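> Listed here are the chains, written in short residue letters.
Number of protein chains: 2
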Amino acid sequence: MSAPFVVVGGDAAGLSAASKCRRTDPDRDVVVFEKGQWISYAHCGTPYFVKGQVDRLEDLLSLSPAAVAERGIDLRRGHEVVGVDTDSQTVSVRADGETFEQPYNDLLIATGARAVDDPIEGSSLDRVFTLHGLDHAAAIRAFLTPPEEFAVADLGGGDALAADVVERYGAMSPPERVAVVGAGYVGVEMAEAFDAWDVDVHLFQRSERPVPGFGDAVGDAVIAALDDAGVTTHLGEEVVRLRGGAGAVDTVVCDSGSTLDVDAVLVGIGIRPNVALIEDTPIERGGSGAIATDAFGRTSVDDVYAAGDVAEMPHTVTGEATWDPLGLPANRAGRAIGATVAGDPQPVGSVAGTAMVKAFDLECGRTGILDHDRARAAGFDPVSETITAGSRSGYYPDAAETTVTLVADRATGRLLGGSIAGTDRAAVRIDTVATALGGELTVGELERQDLGYAPPFSPVWDPVLVAAKVLNGSL
Amino acid sequence: MSAPFVVVGGDAAGLSAASKCRRTDPDRDVVVFEKGQWISYAHCGTPYFVKGQVDRLEDLLSLSPAAVAERGIDLRRGHEVVGVDTDSQTVSVRADGETFEQPYNDLLIATGARAVDDPIEGSSLDRVFTLHGLDHAAAIRAFLTPPEEFAVADLGGGDALAADVVERYGAMSPPERVAVVGAGYVGVEMAEAFDAWDVDVHLFQRSERPVPGFGDAVGDAVIAALDDAGVTTHLGEEVVRLRGGAGAVDTVVCDSGSTLDVDAVLVGIGIRPNVALIEDTPIERGGSGAIATDAFGRTSVDDVYAAGDVAEMPHTVTGEATWDPLGLPANRAGRAIGATVAGDPQPVGSVAGTAMVKAFDLECGRTGILDHDRARAAGFDPVSETITAGSRSGYYPDAAETTVTLVADRATGRLLGGSIAGTDRAAVRIDTVATALGGELTVGELERQDLGYAPPFSPVWDPVLVAAKVLNGSL
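Taken in order, these protein sequences are the chains called A and B. Here the first sequence stands for residues 85 to 559, numbered as in this note's numbering. Here the second sequence stands for residues 85 to 559, numbered as in this note's numbering.
Some hints could be false.
Selected chain B positions facing chain A (Cβ under 7 Å, derived; list incomplete) [to be verified]: (1) 398; (2) 400; (3) 402; (4) 404; (5) 519; (6) 541.
Okay, the calculated bits of chain A under chain B, using three or more residues with CB under 8 Å as the criterion [what the hints assert, rightly or not]: (7) 217-231; (8) 404-416; (9) 531-541.
Beyond 12 Å from chain B on every Cβ pair, some chain A residues (computed) [to be verified]: (10) 139; (11) 149; (12) 485.
Read the hints as simulated data drawn from the structure, not as lab findings. All of these numbers come straight from a predicted model, not from anything done at the bench. Think of the CB as a built atom: it goes at the ideal place given N, C-alpha and C, for glycine as much as any other residue.
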């Protein structure tokens, strides 16, 4: 009798793999070990839960434990895999204080990412939050809710919720001023979430612009959106220390020496691949520190796969291994590995780093390589252009200015990346650029793509095409 | 001294060519002959002018005659080219009752399309309209406006407007019931325009669904949108005759024998390439009846180009010559020909038939080959799937059901076409499919495209990716 397909981690990659494996081969035994209580939750939805737009924690779960069981998957929550022996093909699992050995036939490591430990001096003070996991999100929303309106049952989540911590924050007076440290997409989305509770929001970013991965033009548009919304931005300011009294944070200290009194801090700087499990194994890590994988998600060790936020994937543009922890590639790689393990080999695809972020009314997107230094390091000679064009025919009401940046290689004309910002259907337009990257189009070819045109939705020349025309003209 | 670049037709293709030629070679003489008074107008915007969302006729002009002159283009309105002599390289031009010969060095035929003459018996009755040109649009809006509120000056358009006709309609009582004959995209958009004036709208379509070029699934979604809006659809009913008394239409007669009393009729069935000018020339027409062209927009005769609604272009998927009169390909081909004529040869690209249409709150898009018979005729073995998926993460408010159809070739997996309908950012998502066609992706490759994900804009698996997954699974 063969050993099961063992999956370590019950989130996007792990449960996609487990589900696809069972669908492809219903006779295959699949065991999923999840160290926590939450499974398959939508990390990207947590800011909207804090904001109150998403009502209950269970709304963020794409699969309930019962639904997983119905798929014939043996899901074990509260089970932490603490060791891997790739020679004997077993993992060591700890649960309820006991440890046992579990043989595997195929193994998927999908342990995800974790917030950086103590990213700033003082991070362990009370009322300092990260946003890693639903318990954090619940605690923040509890804190924001006036005590007289708070009821832990309103948050949902059932017995998976760490209710004691949440109730402690629910009893506190809501913060009047919050500092958000780090203006990546989580920071920007959390600024919007805090603002919805009428909190005075201060957003700190070490670089000169927010969402640096989205490029300068999007960064400028986000600054304007934050200003319009009344968020105070502190750009080019690095928070070096959090200070507090009675155990709770009360002051943010910047490298310039300036300080700000606050009632709470959200730290949104940095996650790392959760690779502790493989440290004493022959499973190799790539240059990013995440687990190295091949086109089918296989690691350097036979029958061991890795996917999701713990693994590298090939980059769509450069082909080089990259660590871009994002939701779709995790789901896609998990699903492909599930099929492969079940006997229907499927490639995991590549990652272009395509991402979208909402900053109040502003929609932003990015894909591929925007950074010129990174493009040069990959052997390209990058040229970029930024344009602003209407989202609709100029005569149609409510056409919105849409800013597009495209980057191409001067020698070959190949498109390398792009970004977009605007208030009218801007974010989804990045998918056109992402698909052009996937098709390895030149910017001249992108200029000639036969995109749609209708006055309410797009001008004759979509802003992406306008950018392609201008960039192609300057190559 | 060389003769000028002569352009016949002052609309999208013609003026794009003239402008690009002058920008590329400012010393080049460019003459544009336009038989009418209107130039460079947005045909696709006319329903929204009728509706009243676009205020004035001049809002629909992307270029004024003055702006054309500023570009150094010799624009002659009211000049009809009535003959072409390709041996002597001259055109015969009629203006103010006189005819003169104009030599050319390069010639672009951009005479566009015209409404089918007398498409239905009784089409020449009064209060029967097509929507071909701004004078028609102005007449319809004048008719819809209550006489006590009507002023011809409110429509704009200056001396280009045929004011006498418009004033006659402005003096009439507005129609209470209108029949729209033909539910292509103009018919659907005009139904919305009439509805905005509280007219009882009846939409007739010979086939079982509106917008047949968009496929069955979009057709069904449009039917639901029209029903919700209170438009009465008469599907599977062919209008065979319009009857009237005192010269004005009062009855629509269907092939079934059923009749409907109406106060006005909008006929939106069919346009033809305006090829009269080349009938006695060696310039060849393709199988569609439009002018045959090569990859650079050249006709069968040296130094003669054709572009826009009068010309064929290669199809993105089949490579075969096709007649797909749409705005972007006209602009793109004109622009490329202008560059080519000025000494910087640029290909005109291909046409995928990408189109978008708005049906009240519903956004629709289509691209490539949806029709299985057409796919088979091009040598493919078509397989299609239709799915419905959310436009956003399910937990995020106002996620909208989005219906996607994709078609692929069974043998190769190559994507052949797609369509989409939904109320939340649906139309622009067709550009992802169009770009996948341009990149000659298989449906498996489309499934692995790294599209964006953010709860407010797109679920982890964008509806287009969901459709690709399902179709790829059934190949």
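> Compare the structure with each hint and give your call.
Status of each hint after checking the structure:
At its closest, the beta carbon of residue 398 of chain B sits 11 Å from a beta carbon of chain A; the interface hint therefore is violated under the 7 Å criterion. For residue 400 of chain B, the interface hint holds, since its Cβ comes within 7 Å of a Cβ in chain A; the closest pair sits about 6 Å apart. Because the beta carbon of residue 402 of chain B sits about 13 Å from the nearest beta carbon in chain A, more than 7 Å, this interface hint is broken. The interface hint given for residue 404 of chain B is broken, as the beta carbon of that residue sits about 15 Å from the closest beta carbon of chain A, more than 7 Å.
The interface hint given for residue 519 of chain B holds, since its Cβ lies 4 Å from the closest Cβ of chain A, which is under the 7 Å cut-off. For residue 541 of chain B, the shortest C-beta to C-beta distance to chain A is roughly 4 Å, which falls under 7 Å, so the interface hint holds. For the region 217-231 of chain A, the stated coverage by chain B is violated: 0 residues have a C-beta nearer than 8 Å to a C-beta of that chain, whereas at least 3 were required. With 6 residues bearing a CB less than 8 Å from a CB of chain B, the region 404-416 of chain A meets the requirement of three and the coverage assertion stands.
With 10 residues carrying a beta carbon less than 8 Å from a beta carbon of chain B, the region 531-541 of chain A meets the three-residue requirement, and the given coverage holds. With a least beta-carbon separation of about 8 Å from chain B, residue 139 of chain A fails to lie farther than 12 Å from that chain, contradicting its non-interface assignment. For residue 149 of chain A, the requirement that its beta carbon stay farther than 12 Å from each beta carbon of chain B is met, with the minimum near 18 Å. Chain B leaves residue 485 of chain A outside its interface by the beta-carbon criterion, the shortest separation being 16 Å against a cut-off of 12 Å.
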